[in-house]
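A.B. asks: Residue numbering for the sequence shown is 1 to 318, as defined by the UniProt record's numbering.
These are calculated hints, taken from the structure and not from any lab test. Treat each hint with caution, since some may be false.
[What the hints assert, rightly or not] For lysine-lysine, the following DSSO-like pairs were computed, each having C-alpha atoms within a straight-line distance of at most 27 Å:
1) K185 to K256
2) K185 to K212
3) K256 to K216
4) K268 to K185
Small disclaimer: the values here were computed from a predicted structure and weren't measured.
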Amino acid sequence: MSSTLLSPDQTIPATVRRPAADAARLEALRNYHILDTPPEAVFDDLVRLAAYICGTPISLVSLLDAERQWFKARIGLDVPSTHLHLAFCQHAIRTDNVYEVEDATLDPLFQRNELVTGEPNIRFYAGAPLITPEGQALGTICTIDVVPRRLTEEQRDALRILAREVVSHLELRRARIQLEEEKHKLEGLLRMANDTAESFYLHGGQNEIFIKQDHKLLRVNTADIRYVEALGDYVNIYSGRERYTVYSTMKELEAKLPVRDFARVHRKYIVRLDRIIAIENDAVIVEAGRNAEQATSVLPVPIGNSYKAALLSRLNLV
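My request is simple: use the sequences and hints to build the entire structure.
C.D. replies: The structure is reproduced here in structure tokens:
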């Protein structure tokens, strides 16, 4: 069957290629970013189920590209793809039901097909189209045998169910890829925004940081930040009446805050200097916010021994 693989110097006649090479269908297929990807267990399991249910030695998840059919999953077949003009599946995608060939040697459409006259000596074929929610047929899940046969109605129904399951997993896979792409874009925007904010500060510009919350970038004015608290791998930023939780270290966050306005007073706390109301023993009393009655609430924040001298040097002591 190796002779059926594509080679660069071979082309398929346009009359054969045209139905499966519809531009909208091919665009839909490529939007799934599935072609030429490694095997995945979920698709392998589905073709194994199809073979078990239909009692055939060969089963495939076949995706039809412009000039080839490529197998995302296969059992009982060694090659990864064949020429499109040899594909039974190019006919199966023209229907929304199971396409069945009981004996290919008796069918004028297939009796001279190289996959029938040579390896793997196809006699029986049944394929259910993989139809996207937008109505585009990407390929099929199919079962193949080397002897003539006919499916039962229950087997045909099972093949239709498996086809829908393949499409569901294609959709989940595409959604996961899109989420990863959006995550990378957002992280890139976050880095750019923080770098810009840091640049503004270094050049005497705006005192702002951008933080990621619920897949959004929020601009926070550092003048509104009262204090920052470390909590494991996360940092809580208390700004106005809001609390923002971000995945960061205190060191990373401290580098983004204006040095002239903030002081590290403990390994777990950074405070804004103009929010310090008093210092009592080994704690700074920080304005924590106002309640509904506009009464000021305060928070005692411990001072670490290694930070105390630096803090006192920043204050206007009399």
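A.B. asks: For the pair supplied as a hint, K256 and K216, confirm whether the alpha-carbon distance does not exceed 27 Å.
C.D. replies: 19 Å, holds
A.B. asks: Compare the distance between the alpha carbons of K268 and K185 with 27 Å, and conclude whether the hinted pair is satisfied.
C.D. replies: The hint is violated at about 30 Å.
A.B. asks: Quick one, are K185 and K256 close enough, alpha carbons at most 27 Å?
C.D. replies: 21 Å, holds
A.B. asks: Decide if the proposed pair is consistent with the structure: K185 and K212, CA atoms, cutoff 27 Å inclusive.
C.D. replies: Since the Cα atoms of K185 and K212 sit roughly 12 Å apart, the hinted pair holds (cutoff 27 Å).
The structure is inconsistent with hint 4 alone, although it conforms to all the rest.
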